[in-house]
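Letter by letter, the chains look like this.
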Amino acid sequence: MKRLILTSIAALALTAALAAAPALADDTLDRGIGSEWSSLDPQVNFDAAAGWIMMDTYEGLVNFGPGGEIVPGAAESWDASEDGRIYTFHLRDGLKWSNGDPLVAQDFVTSVLRTLDPATVSEKGYYFYSVIQIKGASELANGETTDASVLGVTAPDDRTVVVEMLTPAPHILNIMGAFQIPPLHGPSYAANGAAGFTDPAKAIVNGAYVFKEIVPQSHVLLEKNPNYWDAANVTIPFVKYHVTEDVSTEYKRFQAGEIDITYDVPVNLLEELKASVPDQLMIGPSTETTFYSFNLLVPPFDQKEVREALTLAVDREVLQEKIVKGGAIPSYSYAGGFDPAYAGPKFPGAELSQEERNARAKELLAAAGFGPDNPLKLSIVTTVAEDRTRLAQGVALMWKQTLGVEATVEPMERKAWLDAFYAGGWSVFGDNIVGDFAGAETFLAYMRPSAEPGYNWVKPEYDAQMDVAASKPDKASRDVELAKAEEILLGDFIFAPLAIEVTRNLVSPGVKGWVHSPAGYYNSQYLTLE
Amino acid sequence: MLRFIGRRLWEGALTLAALVTLTFFVMRLAPGGPFSRNRKISPEVQANIEAAFHLDEPVWMQFGRWVWGLLHLDLGPSTRFRDYSVNDLIASGLPYSLTIGFWAIVVATLVGIALGIVGALRRNGVTDYAAGIVGVIGIAIPIFVIGPLAQVLFGLRLGWLPIGGSTEGWRSLVLPVVVLALPNIAYISRLTRTSMIEVMRENYVRTARAKGIGPRLTLTRHTLTGALLPVIAYLGPATAAIITGSILIETIFAVPGIGRHFVDAALNRDYPLVMGITILYGGLVILANIATDVVRGWIDPRVRGHD
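Note that the protein sequences, when read in sequence, are chains A and B. Using the working numbering, the first residue of the first sequence is number 1, and each one after it goes up by one. Using the working numbering, the first residue of the second sequence is number 1, and each one after it goes up by one.
Treat the hints as calculated values from the structure; they're not laboratory data. These figures come from a predicted structure and were not determined experimentally. We put the CB at the ideal spot given by N, CA and C, even for glycine. There may be inaccurate statements among the hints.
[What the hints assert, rightly or not] Counterexamples of contact, computed for chain A against chain B with all Cβ distances above 10 Å:
| no. | residue |
| --- | --- |
| 1 | Asp26 |
| 2 | Ile70 |
| 3 | Gly94 |
| 4 | Val150 |
| 5 | Gly284 |
| 6 | Glu317 |
| 7 | Lys322 |
| 8 | Gly326 |
| 9 | Pro348 |
| 10 | Glu355 |
| 11 | Thr389 |
| 12 | Thr408 |
| 13 | Pro449 |
| 14 | Asp463 |
| 15 | Ala464 |
| 16 | Ala483 |
[What the hints assert, rightly or not] Partner residues are not named here, just some residues of chain B that face chain A (Cβ under 7 Å, in silico):
| no. | residue |
| --- | --- |
| 17 | Gly32 |
| 18 | Ser36 |
| 19 | Ser42 |
| 20 | Glu44 |
| 21 | Val45 |
| 22 | Arg82 |
| 23 | Ile163 |
| 24 | Thr251 |
Construct all of the structure, not just a fragment, from the sequences and the given hints.
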């Protein structure tokens, strides 16, 4: 409390101090990041916005170039074993930390160990025991062992990192970037602990930028790292990430030139911006998909015909273009649309026109015993976010018009909504998930009955088919098996696919090199400022 | 006087204790927890995280733990902002919130009283009507409408001031302070005007004029001291209004203060942060009310008397 009193006194002094602060410089790229970063601890931070700061300040074994394509990072090359379980990464020669210390392979091993250590209290170990299954990761994360030698990430010499997995996973490279596997500078962590990550004088990094200033709730200022191996190609000297909680304030700050790249765009201005500044408005698919799940334990949703009828009777194009208007892409599949190489199925009936789908839906629902005298009644549980509520109202309206369904919308605050899913009282759940990379597998693995009991879906065939896919080491044949699994999934209509969500950014004309990235990787090192 | 202050402080402490106890338990009734997510985290890891923040303990034990921390001036760790303790977050945000709040009260009081006096002296004149219109606008239009309008006008159209943030020194403070002060300017000016008009009709003011004291001296010595009592009484509630207003202001103008944390912390079920801000705000409002009472008691002995 003494500190609070001192702080209060400091408040008055601050007014004077602020007056001396320098104005925005032209060599600074100003980026909005939405809400405040939850953590700058590279092994703890789990949100996308802070991820941008992490991607600028750290470099993983691989990096993500313009558009999010996988490019060599700290590792200049890598090779996979025949069975696809073991990946060997070869680090560049002469890699350095920002303080000049040599960067060695063991720094990556230390990072994974710290992420998995229960004492770190990190959720991020999930990437290593769930998204890919690294040998020993789950035992370490669950506290079954503290023996670091069981871990399948090893450094046989200073320039080699070996990752050994229990099953082959061609998507491993997607999670070998700075967000998931930033190296850890052992000596500074030993000296400062986690407090060192938020002190610009102590935070030692290996990315294109170093921390210069960290002000909670306000901004993070980064400066070019001269010790970065590719510093010659980093052209923007300073990058400033501003907390931009309020989207309309962010938009005004963009208009006034205070922000060069926004985190989001006010949805109600989308149409206007598409017309007035089409070259500054960047919209593209993200790795988030929206679907409406049916509760298989609540009659009549245990009948497939009812679920199918509800899935068919939604006009997805009208829904997005005329009702939600947030730019989301209508979707007729679940895991497709993220990775161009994946040729997945659509739900049965997607090939028909909307009129035909509506007619079929009416027949199905009538066959299930519902009609004008006996209307189906249901409620849609969704979050209070404006676009989500609008989506639910749109779907309810279509179900009413086409099928005479009496649907009510039950908006909830996000945390309550998350809990409501497992509480299970709902009939239709406004669902969405964010994939860990732009590929089909991340979504399909999520739906495994063995992995997510919350859907109450009993389907051994699906688990079996996913196991078949998981045994294929090469991506092309794996995608073929995954598509078969998706067919099983969509054929049961346990949910109605609706849309692929988009990211929306405004990018000032002075910023060059912005390429839309589905996984959301926009490293400042690949941008230039004019 | 000391006894009066001591008694007020004791009552304030009891109010605060009731407030934090209620907040603590009511918040736990809301569904969802700080670590509810829709990602596949292993149950062991989830349990480990909850145990690290003592969320696995019964609620009464968590409350005991929190009170124990409070007695040691430790408000605990934030569950949403993992790098900082609640003490750190308040220490970094409070200077901004206090700076804006302090200047908003100063501006509101000075401008409000000035407008009120002018209105009272030139009743039904042009200035009075103008002040009246400002008053009605200030009270009737909410901050979340005036704020964005001010941003568009002074930030975008005229380009005089930054739209948000805190990086441009005093210029960053102007809009938040003015917009935050506006409803209070309106209220204080109306209050001053009415009270002035009333006091000017009082016998002691007439006596002063009859004794041959000039109009200016009568105004400052006699009329104002009497007329300002209700205005001073309003400063307590005004502090509360400034605090609630700052929650919106800080979001609209991207000010890195603590008001912004309040709603965000509640939505994210960051229990320690909500508690920390509640006790801080509760304490501030109670102290402001006590200070107001003391000043009133000092000006007007009757306030002390009937206590």
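Right, here's what the structure says about each hint:
Even its closest Cβ contact with chain B, about 14 Å, leaves Asp26(A) beyond 10 Å, as expected for a residue assigned away from the interface. Residue placement check: Ile70(A) keeps its beta carbon more than 10 Å from all beta carbons of chain B (closest about 23 Å). Even its closest Cβ contact with chain B, about 32 Å, leaves Gly94(A) beyond 10 Å, as expected for a residue assigned away from the interface. In this structure Val150(A) is separated from chain B by more than 10 Å, as the shortest Cβ-Cβ distance comes to about 16 Å.
The claim that Gly284(A) lies off the interface holds: its Cβ sits roughly 23 Å from the closest Cβ of chain B, which is beyond the 10 Å cut-off. No beta-carbon of chain B is positioned within 10 Å of the beta-carbon of Glu317(A); the least distance is around 27 Å. The non-interface label for Lys322(A) is consistent with chain B: the shortest C-beta to C-beta separation is roughly 27 Å, beyond 10 Å. With a closest Cβ-Cβ approach of about 20 Å to chain B, Gly326(A) is found to remain outside the 10 Å limit, as its non-interface label requires.
Residue placement check: Pro348(A) keeps its beta carbon more than 10 Å from all beta carbons of chain B (closest about 27 Å). With a cut of 10 Å on Cβ distances, Glu355(A) stays outside the contact zone with chain B, its closest approach being about 35 Å. With a minimum CB-CB distance of about 16 Å to chain B, Thr389(A) clears the 10 Å threshold, and the non-interface call stands. The claim that Thr408(A) is not at the interface with chain B holds, since no C-beta of that chain comes within 10 Å of its own (minimum 19 Å).
A cut-off of 10 Å between C-beta atoms confirms that Pro449(A) is not in contact with chain B; the least separation is 13 Å. With a cut of 10 Å on Cβ distances, Asp463(A) stays outside the contact zone with chain B, its closest approach being about 15 Å. Annotated as non-interface, Ala464(A) keeps its C-beta farther than 10 Å from every C-beta of chain B; the closest such distance is 20 Å. Interface exclusion of Ala483(A) from chain B stands, the closest Cβ pair being 22 Å apart, more than 10 Å.
This hint holds: Gly32(B) has a C-beta 3 Å from the nearest C-beta of chain A, less than the 7 Å allowed. Against a cut-off of 7 Å between C-beta atoms, the interface hint on Ser36(B) holds, since the closest Cβ of chain A lies about 4 Å away. For Ser42(B), the shortest C-beta to C-beta distance to chain A is roughly 6 Å, which falls under 7 Å, so the interface hint holds. Given the 7 Å rule on beta carbons, the hint for Glu44(B) holds: about 4 Å separates it from the nearest Cβ of chain A.
Taken as an interface hint, Val45(B) checks out: its beta carbon lies about 5 Å from the nearest beta carbon of chain A, inside 7 Å. Taken as an interface hint, Arg82(B) checks out: its beta carbon lies about 4 Å from the nearest beta carbon of chain A, inside 7 Å. With a least beta-carbon distance of about 5 Å to chain A, the hint placing Ile163(B) at the interface is held under the 7 Å criterion. Against a cut-off of 7 Å between C-beta atoms, the interface hint on Thr251(B) holds, since the closest Cβ of chain A lies about 5 Å away.
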